[in-house]
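Novice: All chains should be built: construct the whole structure from the sequences, respecting the hints.
There are 2 protein chains.
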Amino acid sequence: MAQKPSIPKGTRDFSPAEMARRNYIFNTIRDVFALYGFRQIETPAMENLSTLMGKYGEEGDKLLFKILNSGDFTDKVDPELWNEPVKLASKICEKGLRYDLTVPFARFVVQHRNDIQFPFKRFQIQPVWRADRPQKGRYREFYQCDADIIGSDSLVNEIELLKLIDEVFHRLGIRIAIKLNNRKVLAGIAEYIGAPEKMIDITVAIDKIDKIGLENVNAELRERGLSEESISLLQPVLQISGDTESRLSQLDSLLENSEIGKLGIAELREVIEGVKALGLRSELDLDVSLARGLNYYTGTIIEVKALDTPIGSITGGGRYDNLTGVFGLTGVSGVGISFGADRIYDVMNTLDLYPADTLRSSKVMFTTFGKAEGAAALSMLMKMREAGIPGEIFPDVAKMQKQMKYADAMGIPFVAIVGESEMQQGKLMLKDMTTGEQQLLTVEEAIELLKKK
Amino acid sequence: MAQKPSIPKGTRDFSPAEMARRNYIFNTIRDVFALYGFRQIETPAMENLSTLMGKYGEEGDKLLFKILNSGDFTDKVDPELWNEPVKLASKICEKGLRYDLTVPFARFVVQHRNDIQFPFKRFQIQPVWRADRPQKGRYREFYQCDADIIGSDSLVNEIELLKLIDEVFHRLGIRIAIKLNNRKVLAGIAEYIGAPEKMIDITVAIDKIDKIGLENVNAELRERGLSEESISLLQPVLQISGDTESRLSQLDSLLENSEIGKLGIAELREVIEGVKALGLRSELDLDVSLARGLNYYTGTIIEVKALDTPIGSITGGGRYDNLTGVFGLTGVSGVGISFGADRIYDVMNTLDLYPADTLRSSKVMFTTFGKAEGAAALSMLMKMREAGIPGEIFPDVAKMQKQMKYADAMGIPFVAIVGESEMQQGKLMLKDMTTGEQQLLTVEEAIELLKKK
Numbered sequence: 001m002a003q004k005p006s007i008p009k010g011t012r013d014f015s016p017a018e019m020a021r022r023n024y025i026f027n028t029i030r031d032v033f034a035l036y037g038f039r040q041i042e043t044p045a046m047e048n049l050s051t052l053m054g055k056y057g058e059e060g061d062k063l064l065f066k067i068l069n070s071g072d073f074t075d076k077v078d079p080e081l082w083n084e085p086v087k088l089a090s091k092i093c094e095k096g097l098r099y100d101l102t103v104p105f106a107r108f109v110v111q112h113r114n115d116i117q118f119p120f121k122r123f124q125i126q127p128v129w130r131a132d133r134p135q136k137g138r139y140r141e142f143y144q145c146d147a148d149i150i151g152s153d154s155l156v157n158e159i160e161l162l163k164l165i166d167e168v169f170h171r172l173g174i175r176i177a178i179k180l181n182n183r184k185v186l187a188g189i190a191e192y193i194g195a196p197e198k199m200i201d202i203t204v205a206i207d208k209i210d211k212i213g214l215e216n217v218n219a220e221l222r223e224r225g226l227s228e229e230s231i232s233l234l235q236p237v238l239q240i241s242g243d244t245e246s247r248l249s250q251l252d253s254l255l256e257n258s259e260i261g262k263l264g265i266a267e268l269r270e271v272i273e274g275v276k277a278l279g280l281r282s283e284l285d286l287d288v289s290l291a292r293g294l295n296y297y298t299g300t301i302i303e304v305k306a307l308d309t310p311i312g313s314i315t316g317g318g319r320y321d322n323l324t325g326v327f328g329l330t331g332v333s334g335v336g337i338s339f340g341a342d343r344i345y346d347v348m349n350t351l352d353l354y355p356a357d358t359l360r361s362s363k364v365m366f367t368t369f370g371k372a373e374g375a376a377a378l379s380m381l382m383k384m385r386e387a388g389i390p391g392e393i394f395p396d397v398a399k400m401q402k403q404m405k406y407a408d409a410m411g412i413p414f415v416a417i418v419g420e421s422e423m424q425q426g427k428l429m430l431k432d433m434t435t436g437e438q439q440l441l442t443v444e445e446a447i448e449l450l451k452k453k
Numbered sequence: 454m455a456q457k458p459s460i461p462k463g464t465r466d467f468s469p470a471e472m473a474r475r476n477y478i479f480n481t482i483r484d485v486f487a488l489y490g491f492r493q494i495e496t497p498a499m500e501n502l503s504t505l506m507g508k509y510g511e512e513g514d515k516l517l518f519k520i521l522n523s524g525d526f527t528d529k530v531d532p533e534l535w536n537e538p539v540k541l542a543s544k545i546c547e548k549g550l551r552y553d554l555t556v557p558f559a560r561f562v563v564q565h566r567n568d569i570q571f572p573f574k575r576f577q578i579q580p581v582w583r584a585d586r587p588q589k590g591r592y593r594e595f596y597q598c599d600a601d602i603i604g605s606d607s608l609v610n611e612i613e614l615l616k617l618i619d620e621v622f623h624r625l626g627i628r629i630a631i632k633l634n635n636r637k638v639l640a641g642i643a644e645y646i647g648a649p650e651k652m653i654d655i656t657v658a659i660d661k662i663d664k665i666g667l668e669n670v671n672a673e674l675r676e677r678g679l680s681e682e683s684i685s686l687l688q689p690v691l692q693i694s695g696d697t698e699s700r701l702s703q704l705d706s707l708l709e710n711s712e713i714g715k716l717g718i719a720e721l722r723e724v725i726e727g728v729k730a731l732g733l734r735s736e737l738d739l740d741v742s743l744a745r746g747l748n749y750y751t752g753t754i755i756e757v758k759a760l761d762t763p764i765g766s767i768t769g770g771g772r773y774d775n776l777t778g779v780f781g782l783t784g785v786s787g788v789g790i791s792f793g794a795d796r797i798y799d800v801m802n803t804l805d806l807y808p809a810d811t812l813r814s815s816k817v818m819f820t821t822f823g824k825a826e827g828a829a830a831l832s833m834l835m836k837m838r839e840a841g842i843p844g845e846i847f848p849d850v851a852k853m854q855k856q857m858k859y860a861d862a863m864g865i866p867f868v869a870i871v872g873e874s875e876m877q878q879g880k881l882m883l884k885d886m887t888t889g890e891q892q893l894l895t896v897e898e899a900i901e902l903l904k905k906k
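Going down the list, the sequences are from chains A and B.
Quick note on the numbering used here: the first sequence kicks off at 1 and runs consecutively.
Quick note on the numbering used here: the second sequence kicks off at 454 and runs consecutively.
To be clear, the hints were calculated from the coordinates, so they are not data collected in a lab.
From the three backbone atoms N, C-alpha and C, an ideal C-beta is built for every residue, glycine too.
Partial selection, computed: residues in chain A whose CB lies under 10 angstroms from chain B:
| # | residue |
| --- | --- |
| 1 | Lys4 |
| 2 | Gly10 |
| 3 | Arg39 |
| 4 | Thr74 |
| 5 | Trp82 |
| 6 | Ile92 |
| 7 | Arg122 |
| 8 | Ile149 |
| 9 | Gly374 |
| 10 | Ala375 |
| 11 | Phe394 |
Specialist: See below:
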């Protein structure tokens, strides 16, 4: 029954070396989340399909992985549905895999609202699944790392999140630019150009300006039914330039007649000034073309780009005023960010930003040259572990060369050789695998030496 | 479109308090795995159904969660299959959710065998899914924590795993008994009672002796076709008692004519003596009735029970000689253990074994009494975080009482009050939430104080 094993397309195995790198990233993000007072939750991989369906648009519904009901799943289902796969699927599948962390979080907040103390600062680091067409850098299973504050409309939360982003990427060593916008400014722009009902069309189009250029954005606006006058009025907005203060002034005068626009500018000013007062290592740019497609944002919009390698957004987020409304809890404002762990992983790999000892697991490997020598070695290894030094023993009696080759391949920096002579002296020969240097030591001496390495 | 949200039966949300406790357990296990030289891998939640089917018996196949193929899943499927749900499922589902970590690990080893250095010491901590009937303490999504050494038949690996188990439960504070057996001894017993072909029946029956008693085991053996003579010969084996050395001697004389039985006894002796030479905090008991149902074990069998609360096995494992054979790689011996995280969590909760500060996240909360005061507070909070002190700010302007209530509910031990007077002095009033004591301090003084707490 031998089969050639493989895994589903778009999924990945992670080797020990890959896990070490990924853990470095996840631990860094987790540490900063905790430093900023966020508390971790987890939700199940499977949600009821009724929780997920209709939350990600028609396209999103198609990308949900659905789980076949257990047992006799066709029982009580109309066989006529055979030719209507969408309806049939909804009858034979009650559950689906988590598509993001945001909808499950909204569901969590509503379901447990009586047990939650607001404002609720939660973080969540879990995989999500999407039946997207697999391609380079896009997977069907990938991790999201989200932090949200829900139940507070204070802009202090935005300031905190921007500082948090700055701290995470500083620790990872990735130079970034943080782009900032506000959905109310986008609404103001739509008002200003006389097309308030077209705000979604406008934001979807101008969001692409970096990718397709101004001419193509204008063409798309025409297709989406914007008048020539509106498009013409939009041009100075899209050409706003200069430093942040200068951009804000230009916006100020353009949107002086839009109440919502002015509110958006005031919010931007408060966030930018608040962050500047605290100091920020990263670039912070006001970008009026930033919309992030997601229609649930109602205020601040945040996006992060890596400066030293061309890759899309590596982190993003914003404020939403009605995330939980769809589950029956209205009037709860929140703001959140999501770190794209897989893209960050790609950036870290491209720029080789990992500390030198990220891949190291064991600090020492003991040899085995016979039963008695092995027992002596094992006893010394246990003393090292008791002292907190991670280590292992080559478990099989084998030639020196084979054991050394293993230690070398594993990147273990020290080998403790316990042959007959060492065993009789109650000592070990500690070999530094980098320099080749050897020292005959007691286990206590070796512990002292290894603790310093 | 308001819905009352819920999650699928048998699944769980984990609140921040629950996550803190679970992380304490996972981190303890992970730390010891790393200390012992195990390296982490992860595999996808979804495996091809061809990888999973037939690996867990007929009952296991039914408990696999299957994932509906994307798109037009009925295309090219014979509608006649409507009345054969098992066959239909295999046509409309290519993927399933991981059922345990063992089969994916075997698949991983075979798939990546050219990149793996043997012996391969891997650990893996991930959720698994089973469509079991949900009941108290049994979930449809739960975590397994596995460590295996594959590609070495040295009994040093068994000794290491027993020491590792001892260390994990010592760190967690759970008093345990480790039960030990060897599949070869079970084979020897089957030989000794003249029913070598009935080894599986015998082990399945005697495995239940703790639960159903000797009489019922004998009845089951009769049902399974064992002769009265065999059952009679088996009685002294099942009544072996005394300390480990005495049990081994009794086995020695009973199985003196069984080659495989003697081999099993020799292995047990080597493992027990090896562990004793290193010292073990936990009880280590030889238990000839221990079989663990799993037919892939070929040597050592390990099971762990908590001493201070009645719950089933909380950890188990053993040696297998042909785990990867089903995927085409034969002759690779391995030994592994699996910690049952959810049962350990239940034991920890029942016995209240968590350190006092497990639930704590933020060490300090700053107040907000106005824009200016909030800004001053935020600036001081940032200094605390730079010093490594996790903290947060109540983000909204609110009454003192409300902010204090939040800090209290969150279990935050210190509140830094920054009112107008403190702000003007560039200081904060640090309130110890346990004693009620207040001190007017500079942020540097507060940092020094909090670092010691």
